[in-house]
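There are 6 protein chains.
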Amino acid sequence: MNNSTSYKSMTIEVINKIAHIQLNRADKFNTMNLDFWQEFPKVIHDINNKAAARVIVISSTGKHFCAGMDLSVFTQKKQDKNIEIARKHEELRRSVLQLQACFNILENARIPVLMAIQGGCIGGAVDMVSAADCRYCTSDAFFSIEETKLGMTADLGTLQRLPKLISMGLVKELAYTGRRMSAQEAKEAGLVNNVYDDQESMLSAVMEIATEIAARSPLAVSGCKEMINYARDHSVADSLNYMSVWQSGMFQPQNDMMETFTAKTEKRAPEFEELTQIDNSKIF
Amino acid sequence: MNNSTSYKSMTIEVINKIAHIQLNRADKFNTMNLDFWQEFPKVIHDINNKAAARVIVISSTGKHFCAGMDLSVFTQKKQDKNIEIARKHEELRRSVLQLQACFNILENARIPVLMAIQGGCIGGAVDMVSAADCRYCTSDAFFSIEETKLGMTADLGTLQRLPKLISMGLVKELAYTGRRMSAQEAKEAGLVNNVYDDQESMLSAVMEIATEIAARSPLAVSGCKEMINYARDHSVADSLNYMSVWQSGMFQPQNDMMETFTAKTEKRAPEFEELTQIDNSKIF
Amino acid sequence: MNNSTSYKSMTIEVINKIAHIQLNRADKFNTMNLDFWQEFPKVIHDINNKAAARVIVISSTGKHFCAGMDLSVFTQKKQDKNIEIARKHEELRRSVLQLQACFNILENARIPVLMAIQGGCIGGAVDMVSAADCRYCTSDAFFSIEETKLGMTADLGTLQRLPKLISMGLVKELAYTGRRMSAQEAKEAGLVNNVYDDQESMLSAVMEIATEIAARSPLAVSGCKEMINYARDHSVADSLNYMSVWQSGMFQPQNDMMETFTAKTEKRAPEFEELTQIDNSKIF
Amino acid sequence: MNNSTSYKSMTIEVINKIAHIQLNRADKFNTMNLDFWQEFPKVIHDINNKAAARVIVISSTGKHFCAGMDLSVFTQKKQDKNIEIARKHEELRRSVLQLQACFNILENARIPVLMAIQGGCIGGAVDMVSAADCRYCTSDAFFSIEETKLGMTADLGTLQRLPKLISMGLVKELAYTGRRMSAQEAKEAGLVNNVYDDQESMLSAVMEIATEIAARSPLAVSGCKEMINYARDHSVADSLNYMSVWQSGMFQPQNDMMETFTAKTEKRAPEFEELTQIDNSKIF
Amino acid sequence: MNNSTSYKSMTIEVINKIAHIQLNRADKFNTMNLDFWQEFPKVIHDINNKAAARVIVISSTGKHFCAGMDLSVFTQKKQDKNIEIARKHEELRRSVLQLQACFNILENARIPVLMAIQGGCIGGAVDMVSAADCRYCTSDAFFSIEETKLGMTADLGTLQRLPKLISMGLVKELAYTGRRMSAQEAKEAGLVNNVYDDQESMLSAVMEIATEIAARSPLAVSGCKEMINYARDHSVADSLNYMSVWQSGMFQPQNDMMETFTAKTEKRAPEFEELTQIDNSKIF
Amino acid sequence: MNNSTSYKSMTIEVINKIAHIQLNRADKFNTMNLDFWQEFPKVIHDINNKAAARVIVISSTGKHFCAGMDLSVFTQKKQDKNIEIARKHEELRRSVLQLQACFNILENARIPVLMAIQGGCIGGAVDMVSAADCRYCTSDAFFSIEETKLGMTADLGTLQRLPKLISMGLVKELAYTGRRMSAQEAKEAGLVNNVYDDQESMLSAVMEIATEIAARSPLAVSGCKEMINYARDHSVADSLNYMSVWQSGMFQPQNDMMETFTAKTEKRAPEFEELTQIDNSKIF
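Protein chains in written order, with the numbering used here: chain A, 1 to 284; chain B, 1 to 284; chain C, 1 to 284; chain D, 1 to 284; chain E, 1 to 284; chain F, 1 to 284.
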């Protein structure tokens, strides 16, 4: 992974252990076209597996963050009229799972993913940001579960993850009506951690947070992500037990913790080893 | 179901695909008497099964929304002194399940249920509104888990559903002390979606939201409700899978979705078919 | 248990059915040393089992509530260099479970535990207050998941319980960066129920809440705690059923409930029997 | 409920606290026609709610126990060609749930249900017997998940309950191929508790078991059923806790248990009070 | 722990890393009296914590393994007539949990527990053996869920654990009727691993199995127990993930595994380090 | 995929919609070397995604089915001595998950997988066959959880899946001791569906079963697999609901079911359309 790589639907830049992905189809409101669906999971996967960065920031360009699914995706889909209908349904199920997987990858990555959202965050974009770890937005941002207005039920994660992020009563109103939720409302509801005046100040602030994260032990941070995600889906008793087993292998105080003590004494920033690379093409 | 029907404990009016149920025993603070317990589940059940409306609004009359269980219910209960005590307990358990079922029906209905709450929402009324999809209230509304003050533990859903709607720390304070939570506090905690100056402006706003919902595809809305309720009780992984299977049968883009496109082109509101009626008296 | 007992790391006073525990090592920022770990679970256990109070308030002394683990705990731990490494890991797991259990005891106690927090609540202190029922703090209070800054993953409950108390997106930012969360932010997020100007006004207010709780039927309050904790970790359907079975044994309207009616008629405060004592040294 | 009642698809006889239901359409292989689907749940429901018996035995007539769904059910179903396809699917889902509910009622009944199976137990009949508590069969009995041979997936409980009754590897072979499982194989696999030479000896033996059950405290037996069903679907920890709460209300040693001691002393059979009747038409 | 210690209700002998516990009140059919309930958990706890053995064998003396609860336990229980009834129920719940805990300790121990059962295994004894890892019996052994015959529901684990060990249909028949299950039936059902002619040959065979277990790496065996118990109560996906985290700390191939290779080369039995002792009186 | 393809560690032949995979390193006891780990998941994945067959049969060659992990895998693993130890553990966890995934693929495939096992099935081979749908073996077959004898805990699925296939008490004895389980014992325990005299008769019989499966509607069979696997990991209530949603899309009686009726009338075998191919390289 070069420090800066250009894809069709996004640009990636890795600086100071921070990977910055920017959606770059501003003239199309950064809708998710076929390029996006092919590039996005691959990019996240590579950064994660190569331990190329310690944190990912995803932002966008233009007036709106992302207007959701690009309708060309539907029209480009080859239609085979002759497939028996139940088999078409089975195929549709697989397609939904496949698209969901493109966002699950944010949750399954070993490193945090921060979303910096300006303007509209619509339809599939809500599915995407729901799967990230932390969300930040500009004061003119808004969120819309647009799918209901298009006569369908959102199916890529919004209805599964939002109820674990904000009040269910609010999620329902948003989903049933398809109305826009403002930045302020999103902050009060707990969907975004902070609201900023404009994209410049937002990016500056988010990069500062990312810099903080990148300065920490990547293993300690990775453990936090694993534990918090696990806690969402399990009882507290199960989660505490999981933590105890995790620590048995991952807590080696003589290394990362000792480094923080030594660094403090030596009045310098602690330095931590990266996580090891994952090479799925090999078993080991 | 006529467009307007009167029951002993409530009135029902169905206009523009919105069913408006109003508690009408204002002089008794709309307490839940035997009439209520018999009429309420039947009314919701009928609207739901007959697809008589696309959304239900429940409001009340007088100074207070509802003061909870009417004490006459206890006194009217026939006491059979001679029943062995463990069997009485088994019977009590069945009674609790039976009363709980009267509110579960709000959750299990295929269509959204909105609550418009003025004044006091007390005891059993909190159990009821917790089981609805969205809550709205007037600025003079207040909520009270009154049961603790009566020496008992609330048993019809409040303690089961509130912790999934608002901060557990707050639920506990409210439950332990029985103190009143104000409208403002309820808004900040996420229990109600919005607070209005008075009942008139509240009803007007809630009807507007209901109108929005009634304008959407009833199947898309029903899917949202099913998914959000499912997400509350399952892991994200299970919920995503469930969504994929749901879509395999319920997502037929050539119908509802295409109608929204066509309607937009033709500059008219889209028109959607109702859900089919359910007739429990017949197998098919 | 005397009305006022002094331990090395805390003082305990039981007045008017309220047990007030105060951390008393202000000069050491009330860090959790070996004394604390041995005394704390014993104290809570005794109050709970002896039904010595109806509610526990935990506060602290000095500028800061608690600065987390005392580092002496690590250095005092006997190091046996010769233990095989996997067995050391098994032992580490058991140690983590053992420390977690010291805070689980707050959750498992039959009576509510209220936390009154001034100044810094850091590291292990966040694990502790997360396990309490309700949290209150002064306006100068702050919360910090300090462990990440020390190169390790918090392992005593913070990452397991906080995501069930406040927005997951915020928990993640706090955990990844280790930054301080202010009192105001904690209030808005729902971590604390209320913020007070200073410790005096906080203690006064918290004692008032505790007094309210102590005036209620201890069995009704205990049922609330059991139900709310259960609801956190189970589906609504399971929780409702659990409630119905609980009531079959614990709801005896002719006693506590009737007492509230009688007391009202007689214009006096109702009087409730204590829960029975638990004696673990005996089977019965 | 009279002691002997005749329905179109079955006969019911209640003797000595045993309700004996017999499928009586032997000339049609006792297939499940519309009469069956309407009568069966009503019959079980009535026996259970009226505490009319302490145990239910279901047997059949003719050469085969039951050949599953009567095809007339499909053809009698009114076809409304004009319903939008996704709404038809929603309707189909509701029909499946409705049919499943007819067998769930066996599981939810407070009293045990024993199945005495002769000859073929095919398709929907396997769904039905899987939902009972205990199964017994004649040596010429066989079981067949016939649905796969008809090009569909069994959907009324077989695939959900059989894997909790017998080896999953065997369930899969049976489901994939649709082949017949013999009585002997069913016994070895644990599906049936015992195999008998012919229907007469089977009925005689099953009635003896039923008589034993009817001689026990109906509350103790009901508790066993509730606990074993609960255990199937929950962790052991959850189940043990559930048991402890159940006992708090249902274990009153001074009554049923004392009666067994007294009866023993007095050399007579103990006599136990029936469970109370449930009247769903009334709240209390 | 001495190599041979005598308690009032049992004897303990630790030889060759095998702890052999024998119930020694043969004249009283080894019923569980107060001595038993106090000694049993303490004995298991000590062996486990002190790593005093690598496997526990529990057998009995006389004609019958154990006839369950000694009725003296009930009569010795102090009766306080004046306790309010709901509080008595709360107390009863705690008693049940306390007794259950005495058998949970078998499941939670780090080392395997084998049961060698002769003659009758009745009532509470079935609760006990269900909580062990493996069961073996003599050909004259029988098992009886006696509680139903005494008018109560078994409450110490039988109904929670048996359905995860043998066919639910059989468990139900046994629980509903209280009839005896023979050794042969227990073997076929999978409750016991093997049946032996008499106690002598059984003990000889079980000790051989125990010797095999004691020859293995205690950490590898402990991992097996943890994983199999975990699998019972979790999904396969959760269990696989748990395994992966467990191995991260507990799989150190350079030690135990390498020792097996070396030992093989050197034609000797491998030697493994014991698990570390657990001292609950200290935090570390 | 050609009808017959040769890989380094196995051969594949697809005839009559049956894919037959044979391990072909008989001289090495078909141990799982790097070739195996790379080829196996790819082969299953391809058959599944390309809908190249309706059922997979996996058998082996030589005296033994498979002796588990090839030790060369460990030695070939590059050792980087300088990696910090906690990071090595994180890497180890990922390796375990990666290897587990190679067998999970059997469970996740849309089509059944049958195992035909001769001689020894040892260590990793038990993990593999546990993940298949059905198991068959020769009379000289035996199964061994060999890992315990090598000083480690089996970590690729055996301890997670076996307790859901056979008696937990037996799994524990096998895992703790590492002893061999004979074909007969495996049959009685329910691990294998049938035992055959020799490999020839076994393969002949298994191919007959596979032929039966291949003659069924592949969608109906796929639904069975999905439902049975789902039932293993969920409550019956959840599983029944899942089934109802599945049917809403997958049950189209006018196609596969009607074909079976028509074929019967026309006295021919029914013909069913294949499942659609899955192309993961494309979104649609």
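Hints were generated in silico from the structure; no laboratory data involved. Careful: at least some of the hints might be erroneous.
Because identical chains cannot be distinguished in the list, a pair is counted as satisfied if it fits within a single copy or across any two copies.
[To be verified] With a straight-line cut-off of 27 Å between C-alpha atoms, the simulated DSSO-like cross-links for lysine-lysine are:
(1) 187 / 8
(2) 42 / 149
(3) 63 / 50
(4) 149 / 88
(5) 264 / 50
(6) 63 / 88
(7) 28 / 17
(8) 42 / 267
(9) 63 / 8
(10) 264 / 42
(11) 149 / 8
(12) 264 / 8
(13) 63 / 264
(14) 28 / 8
(15) 8 / 88
(16) 267 / 187
(17) 81 / 63
(18) 81 / 267
Handout entry: Structure versus earlier hints, numbers of those that do not hold, lowest first
Key = Of the numbered hints, 1, 2, 3, 5, 6, 7, 8, 10, 11, 12, 15, 16, 17 and 18 do not hold.
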